[in-house]
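If you read the sequences in order, they're chains H and S.
Numbering of the first sequence is given in our numbering, commencing with residue 1 and proceeding in unit increments.
Numbering of the second sequence is given in our numbering, commencing with residue 1 and proceeding in unit increments.
Please note: incorrect hints may appear among the correct ones.
Okay, the calculated beta carbon distance ranges per label pair [stated by the list, open to error]: (1) A183(S) x S40(H): 38 to 46 Å; (2) S256(H) x E26(S): 30 to 38 Å; (3) S40(S) x Y286(H): 37 to 45 Å; (4) N32(H) x K254(S): 54 to 62 Å; (5) N45(S) x Y286(H): 35 to 43 Å; (6) D205(H) x T172(S): 35 to 43 Å; (7) N45(S) x L279(H): 46 to 54 Å; (8) G51(S) x E165(H): 44 to 52 Å; (9) K185(H) x G289(S): 35 to 43 Å; (10) E25(S) x S256(H): 39 to 47 Å; (11) E105(S) x A183(H): 49 to 57 Å; (12) K182(H) x E25(S): 23 to 31 Å; (13) R119(H) x E278(S): 40 to 48 Å; (14) K182(H) x G51(S): 39 to 47 Å.
With a straight-line Cα cutoff of 16 Å, these simulated EDC-like cross-link-like pairs (lysine to aspartate or glutamate) come out [to be verified]: (15) K175(H) x D206(S); (16) K175(S) x E168(H); (17) K175(S) x E181(H); (18) K171(S) x E179(H); (19) K171(H) x E181(S); (20) K277(S) x D206(H); (21) K277(S) x D205(H); (22) K149(S) x E85(S); (23) K280(H) x D206(S).
Just so you have them, the derived chain S footprint on chain H, three or more residues with Cβ under 8 Å [unchecked claim]: (24) 3-15; (25) 104-117; (26) 185-194; (27) 277-289; (28) 306-317.
Worth flagging that the hints you see were computed from the coordinates, not collected in a lab.
We treat Cβ as the ideally placed atom computed from N, Cα and C, and that holds for glycine.
Number of protein chains: 2
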Amino acid sequence: MKKKYNVAIVGATGAVGQTMLQILEERNFPVNNILPLASSRSNGNVIKFCGKEVKVQEASPSSFSGIDIALFSAGKSVSTELAPEAVKHGAVVIDNSNAFRLDNEVPLVVPEVNPEDLRGHKGIIANPNCSTIQMVVVLKPIHDVAKVKRVVVSTYQAVSGTGLEAIEELKTQSKAILEGEKAIKNEVYPYQIAFNTLPHIDVFDDTGYSLEEWKMVHETRKILDDTIAVTATTVRVPVMNCHSEAVNVETYEKISVEKVREILAKAPGVKVEDAPKELKYPMPIYVSGKDDVYVGRIREDFSIDCGLNLWIVGDNLRKGAALNAVQIAETMIKDNLI
Amino acid sequence: MKKKYNVAIVGATGAVGQTMLQILEERNFPVNNILPLASSRSNGNVIKFCGKEVKVQEASPSSFSGIDIALFSAGKSVSTELAPEAVKHGAVVIDNSNAFRLDNEVPLVVPEVNPEDLRGHKGIIANPNCSTIQMVVVLKPIHDVAKVKRVVVSTYQAVSGTGLEAIEELKTQSKAILEGEKAIKNEVYPYQIAFNTLPHIDVFDDTGYSLEEWKMVHETRKILDDTIAVTATTVRVPVMNCHSEAVNVETYEKISVEKVREILAKAPGVKVEDAPKELKYPMPIYVSGKDDVYVGRIREDFSIDCGLNLWIVGDNLRKGAALNAVQIAETMIKDNLI
Numbered sequence: 001m002k003k004k005y006n007v008a009i010v011g012a013t014g015a016v017g018q019t020m021l022q023i024l025e026e027r028n029f030p031v032n033n034i035l036p037l038a039s040s041r042s043n044g045n046v047i048k049f050c051g052k053e054v055k056v057q058e059a060s061p062s063s064f065s066g067i068d069i070a071l072f073s074a075g076k077s078v079s080t081e082l083a084p085e086a087v088k089h090g091a092v093v094i095d096n097s098n099a100f101r102l103d104n105e106v107p108l109v110v111p112e113v114n115p116e117d118l119r120g121h122k123g124i125i126a127n128p129n130c131s132t133i134q135m136v137v138v139l140k141p142i143h144d145v146a147k148v149k150r151v152v153v154s155t156y157q158a159v160s161g162t163g164l165e166a167i168e169e170l171k172t173q174s175k176a177i178l179e180g181e182k183a184i185k186n187e188v189y190p191y192q193i194a195f196n197t198l199p200h201i202d203v204f205d206d207t208g209y210s211l212e213e214w215k216m217v218h219e220t221r222k223i224l225d226d227t228i229a230v231t232a233t234t235v236r237v238p239v240m241n242c243h244s245e246a247v248n249v250e251t252y253e254k255i256s257v258e259k260v261r262e263i264l265a266k267a268p269g270v271k272v273e274d275a276p277k278e279l280k281y282p283m284p285i286y287v288s289g290k291d292d293v294y295v296g297r298i299r300e301d302f303s304i305d306c307g308l309n310l311w312i313v314g315d316n317l318r319k320g321a322a323l324n325a326v327q328i329a330e331t332m333i334k335d336n337l338i
Numbered sequence: 001m002k003k004k005y006n007v008a009i010v011g012a013t014g015a016v017g018q019t020m021l022q023i024l025e026e027r028n029f030p031v032n033n034i035l036p037l038a039s040s041r042s043n044g045n046v047i048k049f050c051g052k053e054v055k056v057q058e059a060s061p062s063s064f065s066g067i068d069i070a071l072f073s074a075g076k077s078v079s080t081e082l083a084p085e086a087v088k089h090g091a092v093v094i095d096n097s098n099a100f101r102l103d104n105e106v107p108l109v110v111p112e113v114n115p116e117d118l119r120g121h122k123g124i125i126a127n128p129n130c131s132t133i134q135m136v137v138v139l140k141p142i143h144d145v146a147k148v149k150r151v152v153v154s155t156y157q158a159v160s161g162t163g164l165e166a167i168e169e170l171k172t173q174s175k176a177i178l179e180g181e182k183a184i185k186n187e188v189y190p191y192q193i194a195f196n197t198l199p200h201i202d203v204f205d206d207t208g209y210s211l212e213e214w215k216m217v218h219e220t221r222k223i224l225d226d227t228i229a230v231t232a233t234t235v236r237v238p239v240m241n242c243h244s245e246a247v248n249v250e251t252y253e254k255i256s257v258e259k260v261r262e263i264l265a266k267a268p269g270v271k272v273e274d275a276p277k278e279l280k281y282p283m284p285i286y287v288s289g290k291d292d293v294y295v296g297r298i299r300e301d302f303s304i305d306c307g308l309n310l311w312i313v314g315d316n317l318r319k320g321a322a323l324n325a326v327q328i329a330e331t332m333i334k335d336n337l338i
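One chain only, chain H, in its complex shape:
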C-alpha cells in the first residue's frame, strides 16, 4: 500500500495556508492526518479538509510529534523558531518564509528547475519567493538553450501576496473611493493601494533596494545559476491575485522568438499564451486559480544583440507559494527523500 503522511500546515488560516490545504486535496496528496496550526488568535477555528472538519491548533515547539511533513507559511519569525523544532521531531519542513532561503545548508527549490538540490537535505527545504518562482520556471528552458547572462525585471504584484487582510484592504479602499469618501484608511500598506502603484515591497536597505528586489536577485542565482546578473524593481499594484512581470533577458547565445516559443511550449509548468494581435496574452484575472505559469508578449529585444522581452503571469498563492511547496513534497516522496 502507498505510504501516507502526517502533514502539518503552519499558518493554516492564512491565504497561502488555505491554498496549501486546497492543493493537497486537489492533488490527492497521500495525507494520513492533517494538522492545521496557527497562532493563538486562530486557536479553535475549524477548517475543512477532504470533507472533514478539523480544529486549528496553536503552533508550538511540541506540535510536531509524529509529523512527517510540515509546510510552513506563517512568516519568518515563526519559521525561525519552529522549523528547527519540527526537524528535531523528525519532520521534513518545507518553508515558505524568507528565514532559510539563502542558507547554504538549505536547498531552495523549484521542482521544474532544480529538483536535484533536494538530495542531501538536512530537514529544511526553502520554498522560494513568489516572484522568483514564476520567473525561473520560464527562464530555465531558455537558460538551457541560450545561457542567460542578465535579467532586468519589473513586477506588478498582487495584494494576495501580502495576505487575506491586504485583499480586504484593497476592496475596502476601492469601495470607499468609488463612494467618494475622502479619508482613506491604510492599515496593511503604508499608503493607499487602491487605484495606485506602490514601489515598495518588504523593507528597504541602504542601497535603496527593497528586500523583495534582493530576493529576486539572490534566489534566481541560487536556484538557476549564480553567474546570472539580475536587477529588479518590485511594485505592488491594485490586483487581487497573480503577479505579473515584465522580464528583459540577455542571453549569451542568440535565440529566435520562434525557438523560445517552441521550447517554452514543451516546458513543464509553463503555458505559452502569445498571440497579441488575436488578443492573447497572459493576465491576472485569467491566470488566477491556474497551476501553470503563463508567458506571452515574447519578443526580440532589438536594443541588444541577444535580447528577449517576456511577460510572465503566475498565481502567486499557487505556483508562487502553496503549489510549489506541495510539489517539493511530491518530488521528495517520489525520490525517497522523505
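Guided by the hints, dock chain S onto chain H, whose structure is given.
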C-alpha cells in the same frame, strides 16, 4: 502691450482637452479668444473658460480662420485631416496625436529637453507620447552628464490616457466586481481593467510590439539622441491618472546615485522624491494634478558596470499631454516662433 492669441482647442471635451483649458487658465496664457472645437456629438456643449461660458463648435476645415494657435487632441484621424487646414489658415498647430511625430519635417518637442528643435518649424509641432515625455525629462540631465546607451522601460499606465470613458469603465467595473457581479462589461478595453493588468496599449504589429512600445523607442531617439537603444513593455494598470515607469538605464560613463540625485534636483520640470526608508517615493495618487515629473527609487544597477534604476511617475494628462503642449506654445512665444 503684451500680445494675445486666438487659441483653438480641438477635442475640447476630452480628458486632455479639458486639461488644456484648465492649464491655459492656470498659467495665465495670453489668450485673446478661446475656441473650443469637438466632434458633432459635442456641438453646442458649453465649457467654462476664465469664468465665461463658451460654446463648443464642431471642428471643420473652416474652423481655423483667425486662429493663431491650435492645440489638437482629438486623435490621429482628426489631426491628419484638420491640422494642415489650420496651418493653411495661418495657425501654429501643436498636435497631441501620433499623426506627425516621426515626420522629419515636424519638430517633436519637450521644452525642457529639445526646445531648439522648434526653430524652423513649418506650422505643425508634435507633442510626444505621454509615457515618452515623462521619461525623457528625467533622462535628459543624466544623458548630458553620463551619455545614455540603453534603456529598458516597463510602464504602469493609467486609464486616463485612454480618455474619460476609460475612467468611467474602471469605476463601473470596480464597483460591479466589489458588489459580486459576475458579468463584467468591457467597452473601452478588450478585457476587464479593474483589478487586472493589461499588457496591451495601442495596436500590435508583426514583431509582437505594441505601437505604444514603438513610440517610446522612436520618440525617445528623436527627442533625445538617436544613438540611444530603447526597449519597452507598456502595460495598462487599474489606476485613474498618472503613469508610473520602472526605467533601467545603462550609461557610457559611470555616474553615482548621489550625482544623479544632485543633477535631477536641479533639473527643470523634475522633482526628486527619493528616501524609501522614510517612505518617500513617487506614487500616482500624489503626483496626480502636479506639473513636475517625479522620480525616486534611484539605485545603482549592480548587474552591469554603468547602470541605474529609476521609478518615474508623471501626470499623463498634464506633463504627458496638455501641459507639455501649452509649454511648447509658451516657448514658441518667448522665442518669437509664433
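How the hints compare with the structure:
1. A183(S) x S40(H): 38 to 46 Å: This hint holds: roughly 43 Å between Cβ atoms.
2. S256(H) x E26(S): 30 to 38 Å: violated (52 Å)
3. S40(S) x Y286(H): 37 to 45 Å: Since S40(S) and Y286(H) have Cβ atoms about 39 Å apart, the given range 37 to 45 Å holds.
4. N32(H) x K254(S): 54 to 62 Å: 60 Å Cβ-Cβ, so the 54 to 62 Å window holds.
5. N45(S) x Y286(H): 35 to 43 Å: Holds: the Cβ-Cβ distance is about 39 Å, inside 35 to 43 Å.
6. D205(H) x T172(S): 35 to 43 Å: holds (42 Å)
7. N45(S) x L279(H): 46 to 54 Å: Cβ of N45(S) to Cβ of L279(H): about 34 Å, so the range 46 to 54 Å is violated.
8. G51(S) x E165(H): 44 to 52 Å: holds (48 Å)
9. K185(H) x G289(S): 35 to 43 Å: Cβ of K185(H) to Cβ of G289(S): about 22 Å, so the range 35 to 43 Å is violated.
10. E25(S) x S256(H): 39 to 47 Å: Taking Cβ atoms as reference, E25(S) and S256(H) lie about 54 Å apart, which means the hint is violated.
11. E105(S) x A183(H): 49 to 57 Å: At 53 Å between Cβs, range holds.
12. K182(H) x E25(S): 23 to 31 Å: Check passed, 25 Å falls within 23 to 31 Å.
13. R119(H) x E278(S): 40 to 48 Å: With Cβ atoms ~45 Å apart, the hint holds.
14. K182(H) x G51(S): 39 to 47 Å: violated (27 Å)
15. K175(H) x D206(S): Status violated; Cα separation ~40 Å.
16. K175(S) x E168(H): holds (15 Å)
17. K175(S) x E181(H): holds (14 Å)
18. K171(S) x E179(H): Given pair K171(S), E179(H) holds - Cα atoms ~10 Å apart, limit 16 Å.
19. K171(H) x E181(S): holds (14 Å)
20. K277(S) x D206(H): holds (8 Å)
21. K277(S) x D205(H): holds (7 Å)
22. K149(S) x E85(S): Roughly 40 Å between the alpha carbons, so the hint for K149(S) and E85(S) is violated.
23. K280(H) x D206(S): holds (14 Å)
24. 3-15: Not satisfied, violated; 0 residues make the cut.
25. 104-117: violated (count 0)
26. 185-194: Check passed, 3 qualifying residues.
27. 277-289: holds (count 7)
28. 306-317: Three-residue rule met by the stretch 306-317 of chain H, so holds; n is 4.
When held up to the earlier numbered hints, the structure conflicts with 2, 7, 9, 10, 14, 15, 22, 24 and 25 and fits the remainder.
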